[in-house]
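Go ahead and model the full structure; you've got the sequences and the hints to work with.
There are 2 protein chains.
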Amino acid sequence: MLWSIVGTIAAICTTVGFIPQIIRGIKTKELSDVSPIMLTLLLVGCSLWLIYGIHLKNPIIALANGFTLSFVVAIFLLRAMYKRNNSKK
Amino acid sequence: MLWSIVGTIAAICTTVGFIPQIIRGIKTKELSDVSPIMLTLLLVGCSLWLIYGIHLKNPIIALANGFTLSFVVAIFLLRAMYKRNNSKK
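In the order they appear, the protein sequences are chains G and Z.
At position 72 of the first sequence the residue is numbered 72 (our numbering), and the sequence of numbers has no breaks.
At position 41 of the second sequence the residue is numbered 41 (our numbering), and the sequence of numbers has no breaks.
Derived by calculation from the structure, the hints in this document are not laboratory data.
A few of these clues could be false.
Copies of the same chain are indistinguishable here, so a pair counts whether it falls within one copy or spans any two.
Said to hold, decoys possible - Within a straight-line C-alpha distance of at most 25 angstroms, the following computed PhoX-like cross-link-like pairs (lysine-lysine) qualify:
no.	residue 1	residue 2
1	K83	K29
2	K83	K27
3	K57	K88
4	K83	K57
Here it is as structure tokens:
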């Protein structure tokens, strides 16, 4: 029981952890310091974790990575948008 | 067998994914766009995943999160260092 709580809190932290990055990006309109290679690897990694979680029928792995994936996609799109807008200036 | 490969590739991607961020930071000497709240949550999350992985005696969870934790700590320290240096200028 205690250990499921530890695992759940761990999953929540590493999932919702990407939300402050989205908020910071929207506030500063700048995400160029965030590595696009990191985002690409996280995108591939989370997609595979999601597939793996569905295969294992493990809802924590599947859900946590499904959410993380959507946050990483959001950071990627915001980064591309701000890069385009900032280069126009 | 196929599924262990999927899980292993997933773990490798989400772990080594942070290395390009370290390299980018060292190259540009700038990590201010990276959210410190994200780094804090990843730090707590990976630490708990590491403890959870050790408890489960699952070497993939433990190792992957041990490495990710060290990369996140490195990004955190580099960010703090560059922030201090850049504010001195």
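Quick rundown of the hints versus the structure:
Taking the shortest Cα distances, K83 and K29 sit within 25 angstroms of each other both inside one copy (9 angstroms) and across copies (19 angstroms). Taking the shortest Cα distances, K83 and K27 sit within 25 angstroms of each other both inside one copy (14 angstroms) and across copies (19 angstroms). Taking identical chains as interchangeable, the C-alpha atoms of K57 and K88 are never at most 25 angstroms apart, the minima being 47 angstroms within one chain and 52 angstroms between chains. Taking the closest pair of Cα atoms, K83 and K57 never come within 25 angstroms of each other, the shortest separation being 39 angstroms inside a single copy and 44 angstroms across copies.
Checked against the numbered hints given earlier, the structure breaks hints 3, 4 and satisfies all the rest.
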